[in-house]
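Chains as they are written, first to last, in our numbering: chain A, 1 to 221; chain B, 1 to 221; chain C, 1 to 221; chain D, 1 to 221; chain E, 1 to 221; chain F, 1 to 221.
Please note that the accuracy of each hint is not assured.
Because identical chains share one entry, a pair is satisfied inside a single copy or across any pair of copies.
SDA-like, lysine to any residue: derived pairs with alpha carbons at most 20 Å apart [what the hints assert, rightly or not]:
| no. | residue 1 | residue 2 |
| --- | --- | --- |
| 1 | 128 | 42 |
| 2 | 137 | 171 |
| 3 | 128 | 30 |
| 4 | 177 | 134 |
| 5 | 3 | 78 |
| 6 | 193 | 166 |
| 7 | 128 | 155 |
| 8 | 128 | 40 |
| 9 | 137 | 158 |
| 10 | 137 | 220 |
| 11 | 48 | 136 |
| 12 | 98 | 70 |
| 13 | 128 | 190 |
| 14 | 184 | 170 |
| 15 | 137 | 53 |
| 16 | 137 | 221 |
Simulated from the structure, these hints should not be mistaken for laboratory data.
There are 6 protein chains.
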Amino acid sequence: MQKVLVVAVHPDDETLGCGGTLLRLRDEGAEIHWMIVTSMEEKNGFSKDVISRREYEVDRVAEMYGFSEVHSLGFPTTHLDEVPLSELVNSISAVFKKIQPNQLFLPFHNDVHSDHQYAFAAAYSCTKIFRYPSIRKIMMMETLSETDFAESSRGGFVPNMFVDISKQFDRKMQILKVYESELKPHPFPRSAKSIECLAILRGAAAGCIYAESFVLLKELL
Amino acid sequence: MQKVLVVAVHPDDETLGCGGTLLRLRDEGAEIHWMIVTSMEEKNGFSKDVISRREYEVDRVAEMYGFSEVHSLGFPTTHLDEVPLSELVNSISAVFKKIQPNQLFLPFHNDVHSDHQYAFAAAYSCTKIFRYPSIRKIMMMETLSETDFAESSRGGFVPNMFVDISKQFDRKMQILKVYESELKPHPFPRSAKSIECLAILRGAAAGCIYAESFVLLKELL
Amino acid sequence: MQKVLVVAVHPDDETLGCGGTLLRLRDEGAEIHWMIVTSMEEKNGFSKDVISRREYEVDRVAEMYGFSEVHSLGFPTTHLDEVPLSELVNSISAVFKKIQPNQLFLPFHNDVHSDHQYAFAAAYSCTKIFRYPSIRKIMMMETLSETDFAESSRGGFVPNMFVDISKQFDRKMQILKVYESELKPHPFPRSAKSIECLAILRGAAAGCIYAESFVLLKELL
Amino acid sequence: MQKVLVVAVHPDDETLGCGGTLLRLRDEGAEIHWMIVTSMEEKNGFSKDVISRREYEVDRVAEMYGFSEVHSLGFPTTHLDEVPLSELVNSISAVFKKIQPNQLFLPFHNDVHSDHQYAFAAAYSCTKIFRYPSIRKIMMMETLSETDFAESSRGGFVPNMFVDISKQFDRKMQILKVYESELKPHPFPRSAKSIECLAILRGAAAGCIYAESFVLLKELL
Amino acid sequence: MQKVLVVAVHPDDETLGCGGTLLRLRDEGAEIHWMIVTSMEEKNGFSKDVISRREYEVDRVAEMYGFSEVHSLGFPTTHLDEVPLSELVNSISAVFKKIQPNQLFLPFHNDVHSDHQYAFAAAYSCTKIFRYPSIRKIMMMETLSETDFAESSRGGFVPNMFVDISKQFDRKMQILKVYESELKPHPFPRSAKSIECLAILRGAAAGCIYAESFVLLKELL
Amino acid sequence: MQKVLVVAVHPDDETLGCGGTLLRLRDEGAEIHWMIVTSMEEKNGFSKDVISRREYEVDRVAEMYGFSEVHSLGFPTTHLDEVPLSELVNSISAVFKKIQPNQLFLPFHNDVHSDHQYAFAAAYSCTKIFRYPSIRKIMMMETLSETDFAESSRGGFVPNMFVDISKQFDRKMQILKVYESELKPHPFPRSAKSIECLAILRGAAAGCIYAESFVLLKELL
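Based on the provided sequences and hints, a complete structural model is requested.
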């Protein structure tokens, strides 16, 4: 049985980036895990209401996916650069060692949000085969409103792996609705319309109705 | 007044790649020109019917855009690699020297179709400022079914210029309908749905309803 | 009327990188703004004399350009890596929100000076169209003694935009003289000779006597 | 059942590049196919002896792998640039359409040998999902004496997929011995020693005794 | 006489990356220097035994190479991101100014270990010719278990310089044995077998029995 | 004694690209060779006068450098793409085998002129150490009016090797005057002014008055 872990810097990244694929892998028998790297805290200016709304969303979404476990690391959102890298690495490493995932979905390394960049670097450094022998497949995902705003001259997101999510697409959209505060109408990049259009275009490249796409960084067969 | 030239390897590339932008530039007063690099010929196995259908399409499309002139170079389609580069260059150069364009829209250099690659190389070699002083802006465009199939490890199409075509989008789609034989239903990459989705996604990146996007190669201000 | 903002990590970057272009834009009617990210402070070992000399230079240069406003962020020079990124971002963001610039000139992302790298990253993260709708054009500039020492294997400065500054070049050189302590004779890279040679070579590529060149990262039309 | 096809420009490329992987895939039940793009001909200066020796090798090797079929295209070795691309494409396309492979192993696009570059381009252009729906996985392989001499500044072979061939390695080496004229002692790059060392190093990166590595260009799941 | 300095983030990097080359340069009359950027400290959880074992190793290795001097900077291992960059730069700069090296061997900028990345950046920023006129040649080296795990999509280690170490290889292996705790059997990447295989493959590319390879970043002749 | 060969696609490339370096190498005792890949022919539309003027220039320049030998391959200028690659390779290979050079100066692989691209590819394919053991150092040079017009998005010329030509610069300029028909006043890119400015800027990067710069592709030490 495959164990799959998605590294979501903020809740909703997992759904935007690989929601359909997670559902499909679970449909096919995999055990799926959700790591949430950051959290909102009152001391960083988030209201109790916002925080408890977010907690509700996480619980609701976790249930809809059927995640085996949610791994909240609790680092302060928009402040990952201030966390010593060794702390971030140790925290991620502890989860990897505990659940021993086979497949990892990571944020795209050039996402414009610095939290995504730091989380990617920390997670990627926990993938050496001789330390983490369970990890056989490492992918970067695309997160609308971050990946599409990556700096053009550093190289954009050019996928080499496409997953048919035609049967899972409706459920992905249902889950996204839970994050109602994060979505807005087009042309805001996290709109139902954008999300569907991206799935259609990736599908056109892959010969199916809806797809998600990824950059495979390493696979061991 | 700006003179704008699009280098279309095959008819419909101009519309897929920069149809909305051409319409907008003409709306704003520019003179627009259409170069068609290749043509179908009976000796290459195309039937008279297909050829005359294509001629009708070109005439109809030229009229709908209001192109000042159509420059058909007549090279054999899917055989550009067999044409001596100097012949291709001379033919393109003659048009550049005659109409003295200010803006060029070229195919993407990594498009999977070799005709696109050869046409790009030939056209780009006709852009040195000291030989072609009229040319001030050079862009590569994205052509669904070619650009989206470019080889991932050579670097994909990562745009740095976005043009709002919200007011021109309907006309672009009307023109595309002329090429009915080239379009098919989704997930075929040249479908009405794909084309709209791409315009929506590029719009989301640019803060507008519909956009086309480009790689600016050089601009002289 | 265009509003233009240059992000200078240290005073003189604005003149080395885009002095002629700023003058030309102002000649053409734009409102120009100067953000100075860092400042010298006594606690970091700079003498009162050096600091007040620098203040004089900034005042004098601001006047010569006719900047509408100078935005000094006051971060400690050569210590930007120690500033929490969110602080740097918030400070830059506040200026962007206040003046609502249309065009941004940023340091080159691979400049050898880490201050340039951090300032670029912070400023670039403040350019999403849905948060900063005024920003329509984002460019990186080349700063002699930093850009020309960027690490070769990361990719050098390869410009895609050239601005004719033949009419502004003399004024650019006058302004540079204000920073007399920063210039030294050739082969020091910030010499009057080097600066002129770079303008001549960029001019040769652009068909004019003197030019400045840029990497366009994004333009929305 | 998976159908796998390797595009070998010259016989022995299939073994150097993916011999162990082919054996493993066949061990696991796949049907494996061998395309040989070029052949030696008397008119190009090869002696009858060399040609018949080569034919013997091909037969012997085909048998040792258990290839379902050998597809010899018969293009002149070291002269692929002189073949019209459409001819090369048509010839490759015909095989793809006939056998409908699911997985493709192609030469590395930057291999120093121009035959490898032309064969790669032609084969890659036959992989669009809407024309070749059987093809779900496309990889580039590394061929000692070609890939390791690729031009450094164009980007070297950086694998993202590793296949454990520990159980197949001995058979791979047995097959290589058939091509005795192609192997020479170290430091010649096609030596038994080099080939083993490469497999060991790729194994060290993948946590196994011997591995082959690939650049995955596209996978559709 | 050439002065050569290797920047080893951790002891053993110098030997893995350029041990043979250092020995050869010393054989040819150069003065060689060893900078060790980090050290183990009790407060970071290393036992006295481990620390004193490491000190013994450093002394033993320094003697075997005949280093003119060992420059231990003493920064905490795996915590370089927490050190202000200016502190790291000042510490490295002081050594460069004192010994005035002509040739520098640096870690590879994309090594997966963040300590390697920070040490590279700090050291590279101390190489401007107008501040450090002695430095004429700057190279990056490959460190097994770090360089071979660099993220594939950022660009791997593609060497442009090869040094024949056939006469020094045995001594390199002798020195590596001093670091017995760092080596393990294959497929661990720092094994005697891997190290030999890498030297053999680099030799095959360079026409000699054993070689080390490098990325030349800058040479001034 | 070092044997040095420059591959000039057209006469004057050798001087623009590495004239000062050739003079310096000869000053230091090297034997220098000039390969001229193309020639003008009456059948390609060049007048007898132009051809004999060019012959005079080649003779005069050869004498001024003190070349040991001029190797004119005689391929038709601007038509290299029509020459079978094997013919071009064989012709270049024959010279390499005859004179056994140690250092090669090649055109930049992305030069906008297709002749430069084909000549580069052919020459580079003749550098495998096991076939051409004399070749120890391979560099690409920058040719004003070709290299500076390379397509920006393919990667520009980013040098990693700088040669101080302060003592040779005047002689380089003397030689360039022989090619009077090829030079024109600034802003034409092949002007005395541009050439001097480039040498000054490369000098500023290298700490000397005048320099030429190169991309080192491979060095074997």
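TODO: Please flag the earlier hints that this structure goes against, numbers listed from lowest up.
DONE: 1, 2, 3, 4, 5, 8, 11 and 15
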